[in-house]
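S.K.: Protein chains in written order, with UniProt numbering: chain A, 1 to 433; chain B, 1 to 433.
Honestly, I wouldn't trust all of these hints.
Some chain A residues near chain B, calculated using beta-carbon distances under 10 Å [stated by the list, open to error]: (1) Pro190; (2) Glu192; (3) Ser270; (4) Cys273; (5) Ala274; (6) Cys296; (7) Tyr300; (8) Asn366; (9) Met370; (10) Pro373; (11) Ser374; (12) Gln396; (13) Ser404.
Label pairs and their computed distance ranges (CB to CB) [stated by the list, open to error]: (14) A:Glu204 <-> B:Gly243: 56 to 64 Å; (15) B:Ser374 <-> A:Glu322: 51 to 59 Å; (16) B:Thr409 <-> A:Asp285: 34 to 42 Å; (17) B:Asn264 <-> A:Glu288: 33 to 41 Å; (18) A:Ala388 <-> B:Gln203: 32 to 40 Å; (19) B:Ser215 <-> A:Pro65: 42 to 50 Å.
Derived from the structure by calculation, the hints contain no laboratory data. Note that CB positions come from ideal geometry on N, CA and C, so glycine has one too.
Protein chains: 2
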Amino acid sequence: MIGNSSCGVREAGAFGTPVINLGSRQTRERDRLVQDSENVLHVRDADTQNKIYHGLELQFGKRYPCSKIYGDGNAVPRILKFLQTINLDEPLQKTFCFPPVKEWDISQDIDHILETQSALAVDLGGTNLRVAIVSMRGKIVKKYTQANPKTYEARIELILTMCKVAVVDAMHLNCRILGVGVSTGGRVNPQEGVILHSTKLIQEWSSIDIRTPISDAIHLPVWVDNDGNCAALAEKKFGHGKGVENFVTIITGTGIGGGIIQHNELIHGSTFCAAELGHIMVSLDGPECMCGSRGCIEAYASGIALQREAKRLHDEDLLKVEGMVDLKKAESVSAIDLINAARLGNSKAEAVLRTAGMALGVGIVNILHMVNPSLVILSGVLAAHYQAPVQQVIGQRALTSAQSIQVLTSDLDEPALLGAASMVLDYTTRRIY
Amino acid sequence: MIGNSSCGVREAGAFGTPVINLGSRQTRERDRLVQDSENVLHVRDADTQNKIYHGLELQFGKRYPCSKIYGDGNAVPRILKFLQTINLDEPLQKTFCFPPVKEWDISQDIDHILETQSALAVDLGGTNLRVAIVSMRGKIVKKYTQANPKTYEARIELILTMCKVAVVDAMHLNCRILGVGVSTGGRVNPQEGVILHSTKLIQEWSSIDIRTPISDAIHLPVWVDNDGNCAALAEKKFGHGKGVENFVTIITGTGIGGGIIQHNELIHGSTFCAAELGHIMVSLDGPECMCGSRGCIEAYASGIALQREAKRLHDEDLLKVEGMVDLKKAESVSAIDLINAARLGNSKAEAVLRTAGMALGVGIVNILHMVNPSLVILSGVLAAHYQAPVQQVIGQRALTSAQSIQVLTSDLDEPALLGAASMVLDYTTRRIY
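Taking the hints into account, I'd like the entire structure generated from these sequences.
M.R.: In structure tokens form, the structure reads like this:
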């Protein structure tokens, strides 16, 4: 039930129905009432759609214990008896008569929840290990970054130390940590909290139970998923994927990864290697990929692939064009230099990027023809660059019925951290009695 | 509950619990009992796993009304009173004392259901219009075939006529028709029973409500889905997909189609064009496809694609090799001639088939990397030919974690008809009170 009627505070409570109370009217009424039961979630300044949406998320599907505010079931005879005492010849005026107000308040307040309930998010990347305190609103309250150690022992020790520090800080920041979410490279079994098989970028990181040590140290529930899947979860909770039943996120960074949401849930597949979107092949031969195969979109369109081509052009002295600032040594030439060169009219750089955009676009068309999402979200550093070429390839090569799809660029700063946090924030507030 | 205890017939009935009674012991007991309630499904000759599996499918998730066989709740005082009348100094012998047997029998019998409950299946292909009576066991009891008319009016009229004839025949064959399932080429909205957009092979077949005219004429519920999806449903109910949570069916016939099962359900996608598996692209350029794009696996590996290559070789007089019977005119040269030529050592034909197998294999690897099924089922006339090459490409090009997948060849004769029937047989027997 949603609204500002006192039914929500009284009658709905008797049935255990979840209620969202909008505005301040029933807040005042509540002050006069004693039996304000825990079924009511107050959204006092219901000025933004977003706040009501949050409230709905928190209350949806819940059942509360029924409050017993209506006594022993003998109201009718009592009312009849009372009515008989009234002199109907005289005018009547409604007066309020409530029992005295109790001290405690067991109802919930959306502002209090949004401001204090938080998650600890851990992101294990090829280079960095990051921990953050993330609020229910998706605000990164505090962030910690360290180089990701090369060995299992050093890494686990650092994770636990950083988490413990963050938990102490959270208390001082008035953040109530509900649990820990971990985003990591590699293939993950989220049911068991185990990293099955890592990417080449993180060593000593296969067959690792990451849930147990963190849970033992912090005494909070722990969720784990692959970073591509976490990025999709971040879009679902805080980004363009909010309220979208079927969508796909593709991250174009150093590598290419992503996640697929179908019927509001991630597709994990039978051995947890679904949504390996970087390894969609768009060529029977094509360039070699780090996975050992050929023609994967990662081998055409990732940061590493573009850097490889930039270096090749630079080695042949074909990269620099008029207007470009001096380039550094070949080792530090990057995808961004290639993109700059193309913008300044370098036709060889343009050709590389055209092929990369085509490969990524064809890979995405393959996604459309397989799971038919209603939205594609590009994230990662190269997202803005690829949006137009991908939309163009879809127009040229997708089946008519799949061409109407939207391709958007993510506006989230930290998809991996926000996705890791969302596992905690979603699951711990989805209580069903 | 499953077993042969009389608890199933008595106590479970009182709670409305679904029971599967195995063997004949309780059948005999039943003859002596009057209150055999409808919660019991009898599987008398429980000799095959399959029959018990069918029984489980029928009973799973059901709730029955509670039978009131235990009277008014005053049994204890009555028993005590009775016990006091017994002379415990004399020996006691158990004797049975049941109320008289009633005439009617409201329990269910698995054999009766499997033999009589049936579906009407309609398959609308590019060439033929077929109708069949399909039993709960997946047996095609009777089949009717006509050329698929070219106009909407003639086609609808023929469908209705064929269905009406089949319904009359079904009665004489002791088949109880539960509903009509329609498998058709093109994109289908199964919720509405509407064909949104047809393939080029069936004319005047877009934006067609097929449910209403059939339902109006036959007075039975009607289900509709795309033929690729129906093939997947057929595998789920009657084929290799039985009990498999995530699998994919790929049909390699004139064209290439298929269906994806995830968490035991078809993926339809946001605009009902998921699982357009023939239009997975494995080349940035590649041969032209009927869909207007290039490099689709259908353009490499379908019957039409192989026939095109066979014709090309034949035109250049490069197809015939020693040992082949005389070939007909180029127009009638087929994919089978190409396969024969390759078997007899024609290296050009071999190369065409190698590329086709590679393209299909890479397309299937793309499926593995996207939805990670645990089983791939190949069906259609070319399935047996492609099984080995596909398995080989998976070994070479899939990620390690996806390589363990099984690739099987379907052993169903009529996937489209069986899948159409399965929509009826599954939904109508999945009653939940």
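S.K.: Now tell me if each hint is right for this structure.
M.R.: Hint check:
no.: 1; hint: Pro190; result: violated (13 Å)
no.: 2; hint: Glu192; result: violated (15 Å)
no.: 3; hint: Ser270; result: holds (4 Å)
no.: 4; hint: Cys273; result: holds (4 Å)
no.: 5; hint: Ala274; result: holds (4 Å)
no.: 6; hint: Cys296; result: holds (9 Å)
no.: 7; hint: Tyr300; result: holds (9 Å)
no.: 8; hint: Asn366; result: holds (5 Å)
no.: 9; hint: Met370; result: holds (5 Å)
no.: 10; hint: Pro373; result: holds (6 Å)
no.: 11; hint: Ser374; result: holds (4 Å)
no.: 12; hint: Gln396; result: holds (7 Å)
no.: 13; hint: Ser404; result: holds (7 Å)
no.: 14; hint: A:Glu204 <-> B:Gly243: 56 to 64 Å; result: violated (38 Å)
no.: 15; hint: B:Ser374 <-> A:Glu322: 51 to 59 Å; result: holds (56 Å)
no.: 16; hint: B:Thr409 <-> A:Asp285: 34 to 42 Å; result: violated (28 Å)
no.: 17; hint: B:Asn264 <-> A:Glu288: 33 to 41 Å; result: holds (38 Å)
no.: 18; hint: A:Ala388 <-> B:Gln203: 32 to 40 Å; result: holds (37 Å)
no.: 19; hint: B:Ser215 <-> A:Pro65: 42 to 50 Å; result: holds (46 Å)
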